[in-house]
Amino acid sequence: MDIQNNWGMIRKHFNSCFRTNFHVSIASVNEQNEPTVTPIGSLFLNNVQNGFYFEKFPEKLPRLAKSNPNICVLAVNSGTLFWLKSLFLGNFKSYPGLKLYGQLGERRLASPKETARLNRRMKITKGLKGNTYLWGKMEYIREIHFTRAEKVNLGQMTKGL
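Just so we're on the same page, my numbering is the position in the sequence shown counted from 1, plus 35.
The hints are simulated quantities; they were obtained by calculation from the structure and are not laboratory data. Everything hinted at is true.
Cross-link-like lysine to aspartate or glutamate pairs, in silico, DMTMM-like; alpha carbons within 20 Å at most: (1) 161 x 149; (2) 128 x 185; (3) 161 x 174; (4) 148 x 174; (5) 172 x 90; (6) 101 x 178; (7) 95 x 69; (8) 47 x 149; (9) 134 x 178; (10) 148 x 90; (11) 128 x 37; (12) 101 x 141; (13) 134 x 37.
Pairwise CB distance ranges (calculated): (14) 58 x 141: 19 to 25 Å; (15) 128 x 165: 30 to 36 Å; (16) 47 x 195: 15 to 21 Å; (17) 175 x 83: 20 to 26 Å; (18) 162 x 195: 40 to 46 Å.
Yeah, the Cβ is synthetic: ideal placement off N, Cα and C, and Gly gets one too.
Could you build the full structure based on these sequences and the hints that come with them?
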């Protein structure tokens, strides 16, 4: 999948996946060369092939980035209606999952524009106690630079995509 030509569709997919999962999974490799996965609920993709996530809770991912910044981000559409309709029809009309490969960049203070994007996304949960615990005082982001994209292949079900 061409990451530059399909970036708009990739962004749309990641946004729809967030609505069904509230997170993406970021895979990295630890010091023993073992895979590890970190759930991230604050990933944002920008207009070009990069993005960022708010780095408040992850501990392993920033530590591992020092020795190996390579990552893979997986976004799966887990919508019940999406899956039931696809199973009934015998194929997916859009990708059930996409992977983005790239490298973690620098950690830095979030700009007001980046904080506003987070606040817009979490607006529906603003009055809930858990919102403050999870998304209150999000000050730092970690930049990500993506180099390639890959669709999740599910045989006959994704053949037409």
